[in-house]
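Fit chain D to the given chain V structure using the hints.
Listed below are the residues making up each chain.
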Amino acid sequence: DAKTTQPTSMDCAEGRAANLPCNHSTISGNEYVYWYRQIHSQGPQYIIHGLKNNETNEMASLIITEDRKSSTLILPHATLRDTAVYYCIVRGPNTGNQFYFGTGTSLTVIP
Amino acid sequence: DAGVTQSPTHLIKTRGQQVTLRCSPKSGHDTVSWYQQALGQGPQFIFQYYEEEERQRGNFPDRFSGHQFPNYSSELNVNALLLGDSALYLCASSLIGLSYNEQFFGPGTRLTVL
Chain V
-9 DAKTTQPTSM DCAEGRAANL PCNHSTISGN EYVYWYRQIH SQGPQYIIHG
41 LKNNETNEMA SLIITEDRKS STLILPHATL RDTAVYYCIV RGPNTGNQFY
91 FGTGTSLTVI P
Chain D
24 DAGVTQSPTH LIKTRGQQVT LRCSPKSGHD TVSWYQQALG QGPQFIFQYY
74 EEEERQRGNF PDRFSGHQFP NYSSELNVNA LLLGDSALYL CASSLIGLSY
124 NEQFFGPGTR LTVL
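Heads up: the sequence lines are chains V and D, in that order. Counting from 1, position 24 in the first sequence corresponds to residue 14 in the working numbering; the numbering is continuous, with no gaps. Counting from 1, position 26 in the second sequence corresponds to residue 49 in the working numbering; the numbering is continuous, with no gaps.
Okay, chain V solo, but in the shape it has when bound (with noise of 0.2 Å):
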């Protein structure tokens, strides 16, 4: 099941960078990170995924330390949009390939 540990709530200010922050101590070295968001009843969206290295797309930047036993993920200017509950999840051969889901982080953009 869900290999990853994150807190349950998080606010952030609009416009300033929000860090979510998640633990994966015991992730193996072929299993990737990902994160994942889901705004109210909707289906989860991809953000962005990583194996070692720091990711950085449109939407966001993924920072993996560098024994790989935690992450951050950075929105770097917060809108009322981006609130949401974000899932950080590993994946890889050892889960089946499948995406285990915890219960995230309910992320709560504040005006």
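These aren't lab readings, by the way, just hints derived from the structure by calculation. Please read these numbers as outputs of a predicted model, since none were measured by experiment. Idealized CB from N, CA, C, for every residue including glycine. There's no promise every hint is true.
Partial list, derived from the structure: chain D residues whose beta carbon lies under 7 Å from chain V [claimed, not checked]:
#	residue
1	Gly26
2	Gly65
3	Phe68
4	Glu74
5	Leu106
6	Ala110
7	Phe128
8	Pro130
9	Gly131
In silico DSS-like cross-links for lysine-lysine, where the CA-CA straight-line distance does not exceed 30 Å [stated by the list, open to error]:
#	chain 1	residue 1	chain 2	residue 2
10	D	Lys36	V	Lys42
11	V	Lys42	V	Lys(-7)
12	V	Lys42	V	Lys59
13	D	Lys36	D	Lys49
14	V	Lys(-7)	D	Lys49
15	V	Lys(-7)	V	Lys59
Below, chain D without anything else, positioned relative to chain V:
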């Protein structure tokens, strides 16, 4: 490019009934996975279909079954419905083979069992 579509959007059934949910994958995808999401919880993996066969299964009873068609679309069937089956059912599509492929999710079907 059509994304993942699911039907119906909402469904109300009574205990003991059977239900069929449908999913069309994103164009170019060949693999469909189904998830159950209870209120306040993260999605739970039910099973995955590829080449019209169930390839992997999560911890769900045999009342949950599925099917994949030659055009890659899929159905989720649930028999003998229980109150606890009330949930958002999500379909996700992907390309098989590459462990780093992301899954694209549909909007879900909200099932209410009375």
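The hints, checked one at a time:
Given hint, D:Gly26 at the interface with chain V, is violated; its Cβ is 9 Å from that chain's nearest Cβ, farther than 7 Å. The beta carbon of D:Gly65 comes within 3 Å of a beta carbon in chain V, closer than 7 Å, and the hint placing it at the interface holds. About 5 Å separates the beta-carbon of D:Phe68 from the nearest beta-carbon of chain V, less than 7 Å, and the hint is met. Against a cut-off of 7 Å between C-beta atoms, the interface hint on D:Glu74 is violated, since the closest Cβ of chain V lies about 15 Å away.
Hint status for D:Leu106: violated, given a least beta-carbon distance of 20 Å to chain V, over 7 Å. Using the Cβ-Cβ criterion of 7 Å, the hint placing D:Ala110 at the interface with chain V is not satisfied: the shortest such distance is roughly 12 Å. With 7 Å as the threshold, the beta carbon of D:Phe128 comes within range of chain V, its nearest partner Cβ sitting at about 3 Å, so the hint holds. The beta carbon of D:Pro130 comes within 5 Å of a beta carbon in chain V, closer than 7 Å, and the hint placing it at the interface holds.
Look at D:Gly131: its Cβ gets to within about 5 Å of chain V, closer than 7 Å, so that hint holds up. At most 30 Å may separate the alpha-carbon atoms for a hinted pair to count; D:Lys36 and V:Lys42 exceed this at roughly 46 Å. For the suggested pair V:Lys42 and V:Lys(-7), the alpha carbons sit about 17 Å apart, so the restraint of at most 30 Å is met. For the given pair, V:Lys42 sits about 10 Å from V:Lys59 by alpha-carbon distance, which is consistent with the 30 Å threshold.
Between D:Lys36 and D:Lys49, the direct Cα distance comes to roughly 28 Å. Compliance with the 30 Å bound is thereby established for this hinted pair. In summary, the hint linking V:Lys(-7) to D:Lys49 is supported, as the alpha carbons are separated by about 28 Å, within the 30 Å threshold. Of the supplied pair hints, the one linking V:Lys(-7) and V:Lys59 holds, its CA atoms being roughly 11 Å apart against a limit of 30 Å.
In the structure shown, a violation is registered for the earlier hints numbered 1, 4, 5, 6 and 10, in ascending order.
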